[in-house]
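Chains as they are written, first to last, in our numbering: chain H, 1 to 160; chain A, 1 to 160.
Note that these hints are calculated values from the structure, not bench results.
One thing to keep in mind: the hints can contain errors.
[What the hints assert, rightly or not] Some chain A residues near chain H, calculated using beta-carbon distances under 7 Å: (1) Arg69; (2) Ser98; (3) Leu124; (4) Leu160.
Predicted, not measured: the structure shown is a model, and the values here were computed from it.
Built from N, CA and C at the ideal position, the CB exists for glycine as well.
Residues per chain, in single letters:
Number of protein chains: 2
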Amino acid sequence: MPPVQLAGALADRRDVPLGDHCPIDRTLQVVGHRTSLLLLREVFYGARRFDALVKRTGMTEAVASQRLRGLVEAGLLTREPYREEGQRTRHEYVLTASGHAFLPVLVALIEWGQAHVPGARGELAISHADCGERVRLEVRCTAGHVVPEDELVVEGRRKL
Amino acid sequence: MPPVQLAGALADRRDVPLGDHCPIDRTLQVVGHRTSLLLLREVFYGARRFDALVKRTGMTEAVASQRLRGLVEAGLLTREPYREEGQRTRHEYVLTASGHAFLPVLVALIEWGQAHVPGARGELAISHADCGERVRLEVRCTAGHVVPEDELVVEGRRKL
Numbered sequence: 001m002p003p004v005q006l007a008g009a010l011a012d013r014r015d016v017p018l019g020d021h022c023p024i025d026r027t028l029q030v031v032g033h034r035t036s037l038l039l040l041r042e043v044f045y046g047a048r049r050f051d052a053l054v055k056r057t058g059m060t061e062a063v064a065s066q067r068l069r070g071l072v073e074a075g076l077l078t079r080e081p082y083r084e085e086g087q088r089t090r091h092e093y094v095l096t097a098s099g100h101a102f103l104p105v106l107v108a109l110i111e112w113g114q115a116h117v118p119g120a121r122g123e124l125a126i127s128h129a130d131c132g133e134r135v136r137l138e139v140r141c142t143a144g145h146v147v148p149e150d151e152l153v154v155e156g157r158r159k160l
Numbered sequence: 001m002p003p004v005q006l007a008g009a010l011a012d013r014r015d016v017p018l019g020d021h022c023p024i025d026r027t028l029q030v031v032g033h034r035t036s037l038l039l040l041r042e043v044f045y046g047a048r049r050f051d052a053l054v055k056r057t058g059m060t061e062a063v064a065s066q067r068l069r070g071l072v073e074a075g076l077l078t079r080e081p082y083r084e085e086g087q088r089t090r091h092e093y094v095l096t097a098s099g100h101a102f103l104p105v106l107v108a109l110i111e112w113g114q115a116h117v118p119g120a121r122g123e124l125a126i127s128h129a130d131c132g133e134r135v136r137l138e139v140r141c142t143a144g145h146v147v148p149e150d151e152l153v154v155e156g157r158r159k160l
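Let's have the full structure, built from the sequences with the hints guiding it.
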């Protein structure tokens with residue numbers, strides 16, 4: 001199977017580095033740390049409070065704090081104040097619309113891991129609550145075709 | 001919109017860390033460096049040779065070499081020998097079946113970046129070669145339903 005087809009600025013690119021012209025790289029600059037992705041996972045799994053996020057991910061408070069700040073700055077999480085009886089005001093971390101939109105990346109990582117990392121198979125089952133059927137990612141075009149890799153055209157729209 | 005629904009070992013988990021029980025984390029342990037993902041991007045874009053991969057990603061030879069070794073060890077790339085007239089034998093990097101299967105992760109990163117990272121919108125257009133229509137990722141169940149986040153059930157299948 002050949003890799004994807006290229007068009008536009010990517011087709012006649014030679015070995016020019018893409019740098020910030022690549023949305024993959026820009027995304028990774030924002031959320032490219034393993035620890036950031038583990039924190040996002042836990043927010044999707046329902047954790048909101050700093051202490052819970054630290055315990056569930058097993059990272060240090062310093063790292064968690066730095067990554068959460070990055071996720072807030074990048075607009076994936078927002079901080080909402082809460083206050084327990086007799087305590088000072090603290091903050092919970094909540095997904096923004098942009099954070100919710102990140103879910104397919106996590107599903108893609110789960111799918112790949114379960115199929116291709118030794119020992120990971122069968123750890124998670126992802127299903128549709130309404131019908132119980134198994135859920136997976138599909139690469140589809142708006143005409144409804146499932147698109148295999150060798151029919152995928154990636155076009156660079158800006159001059160490199 | 002609530003986060004995903006949990007079932008099985010994930011539902012009554014409290015704040016137990018998942019560690020290696022999570023395929024996201026296992027995947028990130030293998031390919032979680034930004035530099036690994038940029039190298040994979042370039043192999044999907046058709047680069048095979050070390051020199052081209054270094055130029056296109058703008059990373060040092062030392063980092064590229066280390067990451068490529070990791071991707072080979074993790075089974076996403078394989079090294080194939082080639083030899084140019086009068087030169088010593090070198091190696092090209094080629095996607096394995098497991099490497100090809102990683103494509104949805106990159107498509108997910110592109111999609112999210114273009115929609116949510118300032119300045120990244122419109123850099124790439126992904127389309128279906130056969131019909132020209134725009135391509136995107138869909139989270140679907142095997143019954144054919146597009147599954148929204150709040151209908152997604154993630155079930156932990158192993159005791160934590």
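How the hints compare with the structure:
Against a cut-off of 7 Å between C-beta atoms, the interface hint on arginine 69/A is violated, since the closest Cβ of chain H lies about 17 Å away. Checking serine 98/A against chain H: minimum C-beta separation of about 4 Å stays under 7 Å; hint holds. For leucine 124/A, the suggested interface contact is upheld, since its CB lies about 6 Å from the closest CB of chain H, less than 7 Å. About 10 Å separates the beta-carbon of leucine 160/A from the nearest beta-carbon of chain H, more than 7 Å, and the hint is not met.
Hint violations for this structure: numbers 1 and 4, all remaining hints satisfied.
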